[in-house]
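With the hints as your guide, set chain U onto chain R.
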Amino acid sequence: MSSNCPTRKVRYTTIDGNEAAAYVAFRLNEVMAIYPITPSSPIAEWCDQWASEGKRNLWGAVPAIVEMQSEAGASGAVHGALQTGSVSTTFTASQGLLLMIPNMFKIAGELLPTVFHVTARTVATHALSIFGDHSDIAAVRSTGWAILGAASVQETMDFALISQAAAFRSRLPFIHFFDGFRTSHEVSKIQLVEDETMRALIDDALIASQRARAMSPDHPVLRGTAQNPDAFFQGREATNSYYAACPGITQGVMDEFARQTGRAYKLFDYVGAPDAKHVIVLMGSGCETAHETVDFLNQRGAKVGLVKVRLYRPFDSQRFAEALPPSVESIAVLDRTKEPGAVGEPLYQDCVTALFESMAGDGGHFARMPKVFGGRYGLSSKEFTPAMVEAVFANLASPTPKNHFTVGINDDVSHTSLPYNPEFSTESDDVIRALFFGLGADGTVGANKNSIKIIGEETPNYAQGYFVYDSKKSGSMTVSHLRFGPQPIRSIYLISRANFVACHQPVFLERYDMLGSLVKGGTFLLNTPYSKEQIWPLLPTPVQEALVAKGARFYIIDATSVARASGMGGRINTIMQVCFFALSGVLPKEEAISAIKDSIRKTYGKKGEEIVQMNLKAVDNTLAQLFEVPLTRPVNGAGPLLPSITPNAPPFVRDVLGKLAAGLGDELPVSAFPADGTYPTGTAQYEKRNLALEIPVWDQAICIQCMKCVVVCPHATIRAKVCPSESFEGAPPTFKSTAARLPEWKGLKFVLQVAAEDCTGCSLCVEVCPARNKKETKLKAINMQAQAPLRMAERENWNFFLSLPEMDRRKIKPLILRQQQVMQPLFEFSGACAGCGETPYLKLMSQLFGDRAIIGNATGCSSIYGGNLPTTPYAKNGAGRGPAWCNSLFEDTAEFGLGFRVSIDHQKEFAGELLAKLAATIGGDLVEGILKANQSDEAGIEEQRQRVAALRQKLRNLNSPEATLLASLADQFVKKSVWIVGGDGWAYDIGYGGLDHVLASGRDVNVLVLDTEVYSNTGGQMSKSTPRGAVAKFAAGGKPSGKKDLGLIAMAYGNVYVASVAMGAKDEQTLKAFVEAESYPGPSLIIAYSTCIAHGIALDAGIGARQQKLAVDCGQWLLYRYDPRRAEAGENPLQLDSQAPKAKVQEFLESENRFKMLTKTNPDHARQLFAQAQADSERRWKFYQDLQGRTGASAAAERSKIPVSFETKP
Amino acid sequence: MDLTTTYLGLKLRSPLIAGASPLSEKIDNIKQMEQAGAAAVVLHSLFEEQLRQERIQLNQDLERGTLSFPEALSYFPEPEEFHLGPEQYLEHIARAKKAVGIPVIASLNGSSLGGWTKHARLMEKAGADALELNIYYIPTDMNLASKDVEEMYLNIVKAVKSEVKFPVAVKLSPFFTNFASMARRLDQAGADGLVLFNRFYQPDFDLATLTVQPNLLLSTPMAMRLPLRWIALLYSRVRASLAATSGVHSGTDVVKMLMAGADATMLCSVLLRHGIKQIGVIEDSLQAWMEENEYESVTQLKGSMSQKNAADPSAFERAQYVRILSSYTPPPIEAPG
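These protein sequences, in sequence, are chains R and U. For the first sequence, position 348 (counting from the first letter as 1) is numbered 348 according to the numbering used here, and the numbering increases by one without interruption. For the second sequence, position 11 (counting from the first letter as 1) is numbered 10011 according to the numbering used here, and the numbering increases by one without interruption.
Hints are computed from structural coordinates only; laboratory data are not their basis. Be aware that one or more of the hints could be misleading.
Derived Cβ-Cβ restraints for the label pairs, each shown as a range [unchecked claim]:
1) U:ASN10215 / R:ALA788: 37 to 43 Å
2) R:LYS532 / U:GLN10050: 37 to 43 Å
3) U:THR10177 / R:GLY570: 42 to 48 Å
4) R:GLU545 / U:VAL10212: 36 to 42 Å
5) U:THR10177 / R:LYS617: 32 to 38 Å
6) U:LYS10031 / R:HIS1165: 20 to 26 Å
7) U:VAL10212 / R:SER471: 41 to 47 Å
8) U:ILE10138 / R:LYS774: 24 to 30 Å
9) U:HIS10274 / R:ARG564: 45 to 51 Å
Built from N, CA and C at the ideal position, the CB exists for glycine as well.
Chain R on its own, in the form it takes in the complex (with noise of 0.2 Å):
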């Protein structure tokens, strides 16, 4: 980008990415076909939002905005909008990217003009990442659209607008392009594109000539035809000159754009020493690190340069040997993208064939041909720092460079990576870099946010923010990395040296190395509720020497408490944002103040004044509590870091995924890691959070055993076992236990322990206690308390429990909860959010059929705290039984197990074959034992199991090569519980067509929908299972149309098992739901009510209960189950579990700020949509029941009538 026109006013802004992206293609378009996925969901939000605040776009006409079942629906549908001759776009990224594959080449082949906006993302392999890199642009490269890269947030805006007009005059459709997260997440200070300069650009007369070009009876055409060999190939070289002209085309638009507004961009931006001998080839952000790198070291005497490929489709070879300079002896092509097995990663191929194509051609302008290097970084969103770009040039300056290398990890297994070193920087001394350590939802990013738009729109200074998150839901850490200064800031990257560092939560200090940023001199402020005589000694040692070996200053506030006075609660922002910038100096003091002051009336005007007034007393709250420690003591604290997994974990938990929890995972080599992506399980029990402020402890002396409070915990936090009395003997001095109360269990011990390390503190089990202590009826059986005093008690007690033997799973009644819920968990501590109502359902499938169980898990909330490394919630028995877990896709995850299904059955099939075979040798009572196991209970499966023992033990002594291959079966003998998990999105949406049909099939398969309702995962977008009347995202004003009635689309099949259940309202119903569809021999879909915190209700303050038992109480939730047996007995396959509703649903409705929010937005239509919702549930409940009414017979009669493929095998 050339220097700013001085002539021009700018207008400047501080946004993100995504926002800068949709503030050009809300203008510019009329139709929206969207669907939510990471990192671009924000885009489409943007668009739906400002449509639905009636927002128009050049025009003057206000898009049609319209959610799809999937990438591939919201594709196909602007493709019908283009042969329509409207102006249409998507958003999308990775997988989503590649689900629109079909109707991109469609697209291109037609000729229909679009830009298609991607946050380039990572697409999943070994694992999936919602990072970013370039392996979903790559993936897209041969559909024919001209892609176009951006790579910063400046030319995210700019280019947008670019490949619209580019597309209009070129008529092919554009990918315009930028990196997930880094350039999509990162909100920096930008020019804003004015409609003046859309206006100039968009040539109206070209959009006249799509519509006249549209499909319309009135002038009838026909496209889409089916053609022979004769006239096929043809036809495709026919588009060869529109490609031609492409390039030339979109340089041209680049012109005009660079006379708009002075901001100046070619195909291949050269940058860099006019006599460079080694040049780096590159595109997306990375460029402006390479930018900056290469100014910095040829202001230091080196000859270095680096072209930035912006049209990388088509690519014009010419163009590129052009923007190289003569003097080029060697080239770095990087590609953010890996290709195993080719020559070559896509954008090296591209540069060597164009190179060599030029010396072949007219020699080009090279003296020699130069060498060409092709190499990899910065894979899902690795960083790539000035310090890796000096490594590239110096592979390149070196007498033998390193080809197919990478750069920013250690390959110690192919030996590719180049070393660079770490200390090498570009940074200027003129930026002011600051790093914030948050709580997730503690309000730090938002008040940082704040800080850079308050700098950037205050003053000259240039700002960036990029924000780092944690992958779990509850307790996550935030870190904050914001620059100021003077000149556009091109450091992307993370700050590795800072001037400024908070720590806005203590309990991270405890954990994390904040300090090794801190540059000499620096300053580091506190968050802590101690005073500033007594921090001191309760800081952790290295925090103390680093302090002093610095020279820090180190200021401490008690934001907290400061909160509390003000009224905000948890929210610490406003308090941290005004220490920041009393300490900072980026801004006079008076002058921040009062700039902060009107941005909080800016902020929260519209929520009402009193959150105005909490947040600028707080604003004059807390200078007066801000207070500098003077470190003139001694070096004397608390002791080291504490370590992010416990010292008793196997070795390669604690060497590889404990380096990843605490934040050092980039320091891993290569060879540290699966190649497969396989991982052992049962490792989140090492990773103790210590996140509960509170805990819940138990009053054995009121607790009447009825298990709820176990059955409810989300992070199987709170356990029960029942053991004879000898088993306690040496339990710790505060290990509690009691008389078991069931006549079952008399003479045993009942223990109720709670794992108060891994507690999230949500009091969910407290919420659900209905034992109440007669003395004071405050109490329950279960109460909270602080953690810190009980933690180290606990901590033994919680070792000792799990030391207690487990219960016979024969002489447990599974239906009998309180009996039920001693069977040990094998999910449990996952980093869901606190109070997470999908979490206790998959704990309670894990408990009953976990030691048998394989699971197939849609993408979602599920899959991320099921499987987000570092550790996993799945868990092993003593036996070292569990469940088996993996995740494919988002919309293949029906088909992905009835595969385990097909794939278990056939191989059972096989071993029963070989079995027959070899009865002989192995003995006629064995066999038979095994071929014709009753394993419907817990005492059947025990046995099978040792009949499996006995035929392996046999096999051993055989030799023959049926004996093997019957080696390698024979646990397929033992029943396999196959589980199909996900969320609604996956169920009703996007997996729907596969899910149907997969229950079509008549497999044996498990299908659990964990319903909120939302996209929950992606941050509650809209989806078919949306009840009317919810706000949320894509449905802004209000979901107009009713949830879909997944259930009952199910029952049609007639052989299906179909449970709809809600732990929170009747817990035994779900028990006996769970049990029933695992044991009938067809397809079973659990639908499962599951609160979240996308329903807007204090879920980390344990309501997810009480609120499950409102919306059942009001007939907004069903519960029944409907099984097929019944029928084959002449009975009624229905059972409602339901009472008759005793409440109206505009109580429910009202409790959860999901609906309640269209009381605040849109009274008018929140009446008429509640009323509504009235109507649905009176007209469900009056459905069902007439259903449940008709008789055994003809209900049975009626199922016989309804053609299945019936393949059940029991």
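Chain U in isolation, oriented as in the chain R frame:
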């Protein structure tokens, strides 16, 4: 027969006012009230404290869990504006005014002095004919002196009266050390009417869950005894209009209240229990009684049995209470079988 009366300076076709209740939340109900003969309607109360709580709650609900997990930086769309203040209530006043011809009296429960005056002004602007200050306050602070509680009431009335021109009534609880003095001081502070008495939500115990469950029991005719006494005592001693609320369930109840000295009677529980049409039934019964007993007008009835005009003024005072007790004979116990 002349049923007209004057309350808060408003000329009313009868003394039957639909009192503040959830019924007036719907415009249709207000129309039905007018059709059934209500002479005026008092809207349900705007609780400023509740609005404040809702605003804080909304802010918390929107912020919970935000900016902590990379895929879900928020969970709700953030619209440009919220209707958080009293707009809905003010619109309701305007709609009610459009829908009916009878006076519409707004009702307000504030939580701060500023809130009382600000909202009173807005209600006047929205078109309400009068305002009922529902001073719903239960002092529980042991360190708060009775005098301070009383001052608070007076300050509210003075502040509101200084800000608005339309008539202002005060709905009170009977729990004052000297209610008569309180009534006089409120009268002096400018109250245009006194509404006797407020009925509080009283806590109840749920024995199944051992929890406290506040709920509201509808009034019974017994409840009218307290306002009956105080209206009779206050009649002609204060300038302010007097309205009776609590326990007015029948035409004869209305007669009694008017005789005590009420300018108007508020119907509330009886409408919740029997429906809005009951207003007509009560009016018919009032008329029938007046005809039968040859009364010509409500004015004639008004205060005729007040302490000032009753044959035995001491019957309203404590001496009477002692007499009743001393003459009390328990009913005979029936023999089993």
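Tested hints:
For the hinted restraint 37 to 43 Å between ASN10215 of chain U and ALA788 of chain R, the CB-CB distance of approximately 40 Å keeps it satisfied. A hinted range of 37 to 43 Å holds for the C-beta pair LYS532 of chain R and GLN10050 of chain U, which are about 42 Å apart. Roughly 43 Å separates the CB atoms of THR10177 of chain U and GLY570 of chain R, a value that falls within the hinted 42 to 48 Å. Taking the beta carbon of each, GLU545 of chain R and VAL10212 of chain U are about 55 Å apart, not inside 36 to 42 Å as hinted.
At about 37 Å, the beta-carbon gap between THR10177 of chain U and LYS617 of chain R stays in the expected band of 32 to 38 Å. Restraint check, LYS10031 of chain U to HIS1165 of chain R: a C-beta distance of roughly 23 Å satisfies the suggested window 20 to 26 Å. The beta-carbon spacing between VAL10212 of chain U and SER471 of chain R, approximately 43 Å, falls within the hinted interval of 41 to 47 Å. In this structure the hint that ILE10138 of chain U and LYS774 of chain R lie 24 to 30 Å apart at CB holds, the actual value being about 28 Å.
The hint said 45 to 51 Å for the Cβ distance between HIS10274 of chain U and ARG564 of chain R, and at roughly 50 Å that hint holds.
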